[in-house]
Each structure stands twice: as structure tokens, then as C-alpha cells.
Amino acid sequence: MLPASLLLQADVRSIGAGVPLWLLLLLPLAGFLVNAAIAFVRPSSKTLVSVVGPGVVLSSFAVAVACFRQLQAAGAPEALTLNLWRWIEAGDLKIDIAFRLDHLSALMVLVITGVGGLIHVFSVGYMKADAGYARYFAYLNLFIVFMLVLVLGSSMPVLFIGWEGVGLCSYLLIGFWYGVQANADAGKKAFIMNRIGDFGFLIAMFLTWHALGTLDFAEIAARASQLPANGTLVTAIALFIALGCVGKSAQIPLYTWLPDAMAGPTPVSALIHAATMVTAGVYLVVRSNALFALSPTASLVVAVVGAATALFAGTIGLRQNDIKKVLAFSTVSQLGLMFLAVGSGAYVAGIFHLVTHAFFKAVLFLGAGSVIHAMHHAYHSTHSHGDPQDMRNMGGLKQWMPWTSALMWIATLAIAGIPVFSGFFSKDEILVAVFGRGAGQGVFYVLWLVASIASLLTAVYMGRLMMMTFHGANRTGAAEQAQLHEAPWVMTLPLAVLGLLSLAGGLINLPHFAGGHEWLEHWLEPVLAPSHDLVPLVMPEGTTEYGLVGLAALLGVIGLVVGAKAVLRRPTLTATEAVPETGFARVLSGQYFVDAFYDRVIVRPVQWFARTVLWKTIDQWLVDSVAVMGSARLLQGFGWLGSRFETGQLGLYLLVFVAGAVWVLGVVLQ
Amino acid sequence: MAPDLLGPTLALSGILFSIGVLGALLRRNAIILFMCVELMLNAVNLTFVAFARYYGFGGHVLVFFVMTVAAAEAAVGLAIMLALFRHNQTLDLQDINLLHG
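In order, the protein sequence lines correspond to chains R and X.
Taking the numbering used here, the leading residue of the first sequence gets 1, the next gets one more, and so forth.
Taking the numbering used here, the leading residue of the second sequence gets 671, the next gets one more, and so forth.
Take these hints with a grain of salt, some might be off.
[What the hints assert, rightly or not] Here are the in silico distance ranges between beta carbons for each label pair:
#1 Thr760/X x Trp615/R: 21 to 31 Å
#2 Leu634/R x Phe727/X: 50 to 60 Å
#3 Leu634/R x Tyr725/X: 22 to 32 Å
#4 Gly660/R x Leu768/X: 42 to 52 Å
#5 Gly639/R x Ile702/X: 25 to 35 Å
#6 Thr760/X x Phe657/R: 37 to 47 Å
#7 Ile702/X x Leu634/R: 22 to 32 Å
#8 Arg756/X x Trp615/R: 51 to 61 Å
#9 Ala740/X x Phe657/R: 25 to 35 Å
#10 Tyr725/X x Gly637/R: 18 to 28 Å
#11 Asp765/X x Arg611/R: 18 to 28 Å
#12 Tyr725/X x Phe657/R: 54 to 64 Å
[Claimed, not checked] Residues on chain R that point at chain X, a partial pick, calculated with CB under 7 Å:
#13 Leu654
#14 Leu655
#15 Ala659
#16 Ala661
#17 Val662
[To be verified] Part of the chain R face toward chain X, derived, beta carbon under 7 Å:
#18 Pro419
#19 Gly630
#20 Leu652
It should be emphasised that the hints constitute simulated quantities derived from the structure, not laboratory data.
The model shown is predicted, which means the values in this text are computed figures rather than measured ones.
C-beta atoms are modelled at their ideal positions from N, C-alpha and C, and glycine is treated no differently.
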């Protein structure tokens with residue numbers, strides 16, 4: 001085994017110049033260009049789009065697998081690099097458009113192209129009847145390009161291109177049906193909330209350059225140890241990075257954009273707002289683990305924010321009736337758990353949960369998409385105005401959609417943390433790691449408790465969701481029932497593949513107690529070496545570990561039972577019959593009124609300031625009236641005074657002329 | 671040698687010029703005004719000629735220039751008058767005030 005310092009040499013040796021790393025990026029880019037061209041030229045054409053859209057992403061997945069195999073064959077310190085051109089050169093600052101496929105990126109690329117490809121296939125069925133079919137796939141392909149740039153970027157600025165690019169695609173896809181004002185507003189909200197985080201990330205970049213003189217991730221990792229541990233500078237850098245991640249990964253206090261982002265098509269919610277883009281924050285923290293390891297303060301902040309978000313969003317999820325809103329808050333909550341993991345230094349657990357979450361949350365969203373698809377068609381055919389996303393209008397759908405129901409149950413068991421399913425292993429690893437951290441810092445015991453409650457809540461609201469959607473009596477309406485049907489195979493097939501992954505995804509990091517070898521742990525070792533050297537993670541073993549694992553599994557079972565019982569206890573009223581909620585339930589279904597609070601405290605004051613001060617006072621009054629019109633009036637006044645002499649009487653002109661001439665003569669002759 | 675008449679000549683020139691100026695200032699008919707301008711020009715010519723006797727031929731030459739310009743001016747000026755009259759049916763300068771501010 002090579003010493004760790006050698007592994008971190010900045011000039012990671014490039015292997016296999018013939019490796020088609022560029023192909024990985026080029027394929028979806030070509031797909032974007034083709035689909036965009038079709039969207040402009042022949043928007044009604046669908047056959048070519050259906051082939052190109054998912055085709056390029058699946059081909060990209062094949063390339064990713066090839067790259068992954070090569071990386072595997074090459075051994076630990078290697079990385080595939082691709083240096084395209086010098087982008088910025090100013091003094092010592094030299095930034096290349098360069099990509100590096102290391103062990104962490106390889107995993108992310110597999111998830112992005114794999115899950116992304118399946119969601120593309122699903123979209124073929126889901127968006128079949130949409131007028132913006134080609135435009136949709138153009139955006140989706142572009143998203144894949146930027147997401148790959150994000151995870152492959154070898155330096156902060158290149159990552160930032162991808163970071164902003166996925167934000168753009170997210171905006172475009174949230175507001176995909178821009179004819180409705182609410183959708184366009186949701187897109188803007190997502191974009192603006194993310195700007196706050198981006199500001200943090202930019203500051204972090206400036207500080208990193210100031211402190212380390214480099215923006216390349218490998219060099220940052222190699223040089224980070226020059227900085228004093230827990231110093232102000234490194235803490236500031238880590239906190240500003242964390243601010244960027246809080247925006248992107250929808251954590252408190254910037255999470256409110258994610259539930260609104262559900263305005264986009266459901267596959268978009270699955271791909272961008274559950275499986276990939278929102279996990280970019282977690283990825284960035286792991287990517288910067290060398291900095292976070294040096295700053296226990298910043299790490300603790302990340303952990304606390306994550307735990308708080310997990311609990312907060314989990315409670316809101318309990319009282320939502322829109323199926324996508326439940327899943328959105330579930331995503332926020334799960335991202336909180338990932339944040340807690342990476343904040344606790346359990347980077348592998350964070351990435352592990354990121355991957356399994358991508359699987360089971362994609363199933364849940366796509367399954368919800370199938371349900372909404374069926375509900376929409378049922379309501380559409382009877383010209384009813386029922387809300388196809390409201391779970392109060394569903395119930396008993398298992399009867400018509402057995403596949404969707406079964407696959408969503410697998411994902412539900414996975415997210416609830418029931419043993420053998422993927423989520424059990426990843427969530428469990430987080431909880432165990434946080435508990436283990438408690439031995440050093442007592443506060444982590446509190447965070448462990450919070451996270452355990454959050455995972456209990458996860459099981460509760462998922463049990464409620466499944467019961468309200470698939471079981472009990474149907475509430476859709478008699479006429480509509482005849483129209484309910486299972487989704488076409490093009491939608492159920494990707495769902496089945498993802499369901500299988502949700503079931504078996506735990507295998508990638510099967511812990512020792514389950515007879516595994518913690519493959520992911522070893523795979524990510526080269527990336528995480530700097531932080532693991534600094535802050536070794538001590539995992540509880542023996543009885544403590546078994547106790548924690550048992551407790552986590554028990555919480556999952558209890559949660560599901562409680563959630564299911566709560567629904568079955570009394571018949572659910574449909575959306576039109578429902579009575580307004582009271583008490584704390586009203587607070588939860590109103591999402592703690594955080595949006596209203598932000599509206600009062602930030603949005604309206606800003607709007608007032610913009611309207612009253614900037615617009616009416618500064619622009620309209622000071623600039624327009626005083627400065628522009630004022631100077632014009634002043635000159636007009638002078639002009640008027642001058643024009644009084646222009647009487648048109650020649651005699652007067654002559655008199656003035658003569659008087660002037662006499663005066664000049666007088667002066668000259670003096 | 672003829673008697674020195676410079677003083678009386680300049681005095682006459684001054685009187686003629688003053689009459690021209692006063693006429694131009696006080697009269698309102700454009701043709702009278704025009705004639706007054708001619709009177710002023712000729713008063714100046716008289717001065718040139720008077721001085722030319724003492725200072726050489728420069729004065730004479732200048733007088734020819736002035737007369738040429740005056741002739742041209744008369745041609746253009748009278749044409750303008752004609753046009754003005756056709757347009758306004760009057761040559762009263764108080765009624766011709768298009769440039770009134």
C-alpha cells in the first residue's frame with residue numbers, strides 16, 4: 001500500500017489516453033443539440049426524439065461502465081483525466097477545462113447516467129402526449145451534460161459550470177409548463193434561492209484561492225494540511241462551501257424551493273429533484289472532505305443543519321396530501337440525513353445513502369408519476385376537475401396498478417429502513433456512524449436521536465402514503481374507476497429495474513455483520529484518505545452495533561405500522577369533502593408557514609424596497625424627474641430667456657448691433 | 671496743390687454715415703432700410719478716397735471692392751425684397767418677423 005501522501009499527488013497520472021471520457025459528455029450533448037433542433041424545426045416529431053433522448057443517455061451509461069472498469073483495473077491512485085483547453089489565465093491563476101474521473105466521480109457518473117437513462121425511458125411514456133416533447137428531452141439531455149460536468153470537473157470553477165448548468169436546467173424543467181403562472185414562479189423561486197447558495201460557493205472559491213493558491217480539487221486535498229486545523233480561514237471556506245450545498249441540496253433555511261419544484265413533470269422530480277441534482281451538495285462536501293476534516297466547527301454546522309432538516313421536513317411530510325409533496329419533503333428529509341452523515345465525517349455513509357436514495361426515491365417518484373398519469377387520464381376522460389395528485393382522491397389503486405404498487409412497496413420498505421432492502425444498510429450506517437461520533441463529542445448523541453426520530457417519521461409518512469394511495473376503498477369516483485389502468489411497459493420496465501436496485505442496492509457496501517466486505521468503503525478510500533487520516537471514524541462494534549441496527553430496523557417497522565394504522569383507523573375523506581385541519585395538524589399541513597414567513601419577512605420588504613425606494617423614489621423621482629427632466633427644464637428656461645431678445649424686429653437687432661459696435665470701437669480706441 | 675480738405679470730407683462722411691444709421695434704426699420700410707445701408711457704404715467709400723490721397727492707392731482699390739459688393743448686394747437684396755413683397759404684400763419690417771423667438 002502506498003503512503004497516503006503519495007496517493008494525493010496533484011498530478012494524478014493519467015491512464016489510457018484512448019479512454020473515451022469525452023464520449024461520456026459528448027453523447028448527451030449531441031442528444032441535446034439534436035432534440036433542440038427538432039424542438040425548433042418540427043416540434044410535433046416524436047419518433048426520433050424517443051430514440052435519441054434516452055438513447056444517448058443509455059449509451060453514455062455504457063461508456064461510464066467502460067470507464068469504471070478501466071478505473072477498477074488501474075488500481076487505487078489512478079484517475080482518468082481529460083484536459084480540453086486553458087480556460088482562464090491571469091497571473092498565477094490558471095484554470096483548465098479539465099475533467100477527472102476518479103473513484104467518487106465514477107460512482108456518481110454511474111448513478112447519473114444509469115438512473116438518468118431509466119428515467120429518460122420512463123419519460124417516453126409519461127410525456128408521450130405532451131406538445132413540448134422534443135423540448136422536454138432537449139432539457140433533460142442538457143441536464144445530464146451539466147450534471148456530468150459537475151461531478152467530473154477537476155477544479156472548483158469547472159464544477160461551478162456544471163453547478164450553474166444544472167440549476168438552469170432545473171429552472172427550465174420546473175417551469176416546463178410555463179403557461180401556468182404558478183409553475184413559472186416555482187422555477188424562479190428555485191433559481192433565486194439557489195443564487196444565495198451560489199454566492200456562498202463563489203466566496204468559498206475566492207477564499208480557497210487566497211488560502212491555498214489553487215482551485216484544483218486534487219491540489220486542494222494535497223495542500224489543505226498547510227492550513228492550521230480549525231483555523232478561522234479553513235472554517236470560513238468550509239462554511240461558505242456548506243452554504244452553497246445548503247442551497248443546492250435544499251436544507252434549512254433554503255429548502256423551500258424544493259417542494260415548489262414539484263411543479264415540473266414528475267420524471268423531472270425523480271431525476272433532478274430527488275436522485276441527482278439535489279445530491280450535488282452532498283457530493284461537494286465529500287469532494288472537499290480535506291477542508292471539512294480540518295474544520296470540526298464547519299462539520300458540526302453541516303451535521304446540525306442536516307439533522308434539523310431531516311426532522312423538520314419529516315414532520316411536514318406527515319400531513320401533506322399531495323403525493324408529490326410528501327415525496328418532496330421526504331427528499332429534503334433524506335438529504336438532511338446525508339448532510340448529517342457527511343457532517344459527522346461519515347463520508348462513505350453519506351455517499352452510500354446518496355446512491356441508494358437515488359434508487360428508491362426514483363422508484364417512488366416514478367411510481368407516483370405512473371399513479372398521476374393514470375389518475376390524470378381517468379379524470380380527463382370524464383372531464384372531471386379532480387386533483388390527480390391528491391392522495392385523498394386515490395385509494396385502492398393496487399387493484400388496477402399491481403406492478404406500480406408492488407415496486408413502490410419495495411422502495412417504501414427501502415426508505416423506511418426495513419432489513420435486506422438497500423435503504424436499511426445506508427441509513428443504518430449513518431445512524432451508527434453518528435452514534436459512534438458521540439463518544440468524542442456528546443452533541444452527536446443528540447443528533448443521533450434526532451436522526452432516529454426522523455427515520456421513524458420517514459416510515460410513518462411512507463406507510464401513510466402507500467395506504468392512502470394503493471389500499472383501502474377507492475375514492476376516485478365511480479365513472480373514473482373504469483378508466484384507471486396500469487402504466488404502459490415503457491414506464492413500468494424502468495420502474496422494475498430501479499425497484500430491483502432499491503432491493504439489492506445495499507450490496508455495494510454490505511457491512512461485515514451482514515457478511516459483506518464494505519466494497520464502497522474501500523472504493524472511496526483514495527478520495528477520502530486525507531480526511532480519514534485526520535479524523536478517523538470509529539464505528540461502534542459488537543453489541544452496540546447490533547443494538548443500533550436492531551433499533552433502526554424496529555423503528556422502521558413501527559413507523560410503517562403507525563402510518564398505515566393512522567390511515568385505516570377511519571375512512572379518508574376525498575379532497576372535496578375534507579374538513580380544514582385544526583391545531584398542530586394545520587401547522588404541519590401548512591408546512592410550518594415558513595413560506596408565509598419568508599414572504600412577510602423577506603419577499604415583501606424587498607418588493608416594498610424595490611417598488612417604493614428604488615423604483616418610485618430613486619428611479620422615477622430622482623433620476624427621471626430631478627436629473628433628466630430637471631436639467632432639460634433648466635436649459636429650456638435659459639432658452640426662453642434668450643428667446644426674449646428674438647423679437648423679429650430688425651430695428652432692435654440693428655440697434656443692439658450698432659451699440660455693440662460702438663462699444664467695441666470705444667474699447668479699441670481707448 | 672489743392673487745399674487740404676480732409677477734415678471737412680471726414681465730417682461729411684460722418685454725417686452721411688450717421689444719417690444712414692439713424693435711417694436704418696428708425697425707418698420701417700425695407701427699401702428705405704436698404705437705401706440707408708447703401709448710404710453708409712458710400713460714406714465709408716468717401717473716407718477711403720479721402721485717406722487715399724495721403725496713404726496711397728490702397729483706398730481706391732478698396733472702394734472698387736465695396737462698390738462691387740454693393741452692386742451684388744443690391745441685386746440680391748432687391749430680389750429678396752421682391753420675393754418678400756410677393757409673399758407678404760408689404761415691406762413693413764414690423765410685420766416681417768418670422769424669426770420671432
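Hints, one by one, checked against the model:
1. Thr760/X x Trp615/R: 21 to 31 Å: Check failed, 58 Å falls outside 21 to 31 Å.
2. Leu634/R x Phe727/X: 50 to 60 Å: The hinted range 50 to 60 Å holds for leucine 634/R and phenylalanine 727/X, with Cβ atoms some 57 Å apart.
3. Leu634/R x Tyr725/X: 22 to 32 Å: violated (54 Å)
4. Gly660/R x Leu768/X: 42 to 52 Å: violated (23 Å)
5. Gly639/R x Ile702/X: 25 to 35 Å: holds (34 Å)
6. Thr760/X x Phe657/R: 37 to 47 Å: violated (24 Å)
7. Ile702/X x Leu634/R: 22 to 32 Å: violated (43 Å)
8. Arg756/X x Trp615/R: 51 to 61 Å: holds (59 Å)
9. Ala740/X x Phe657/R: 25 to 35 Å: Distance hint for alanine 740/X, phenylalanine 657/R is violated at roughly 19 Å.
10. Tyr725/X x Gly637/R: 18 to 28 Å: Given range 18 to 28 Å: violated, Cβ gap about 52 Å.
11. Asp765/X x Arg611/R: 18 to 28 Å: 57 Å Cβ-Cβ, so the 18 to 28 Å window is violated.
12. Tyr725/X x Phe657/R: 54 to 64 Å: Roughly 29 Å apart at Cβ, these two residues miss the hinted range, so it is violated.
13. Leu654: At about 6 Å, which falls below the 7 Å cut-off, the nearest Cβ of chain X leaves the hint on leucine 654/R intact, so it holds.
14. Leu655: Given a least distance of 6 Å, the restraint on leucine 655/R holds.
15. Ala659: For alanine 659/R, the interface hint is violated, since the closest Cβ of chain X sits about 10 Å away, which is over 7 Å.
16. Ala661: violated (10 Å)
17. Val662: With Cβ-Cβ at 10 Å, over 7 Å, it is violated.
18. Pro419: violated (98 Å)
19. Gly630: Check failed: Cβ of glycine 630/R comes no nearer than 23 Å to chain X, outside 7 Å.
20. Leu652: Hint violated; leucine 652/R Cβ to chain X Cβ min 9 Å, cut 7 Å.
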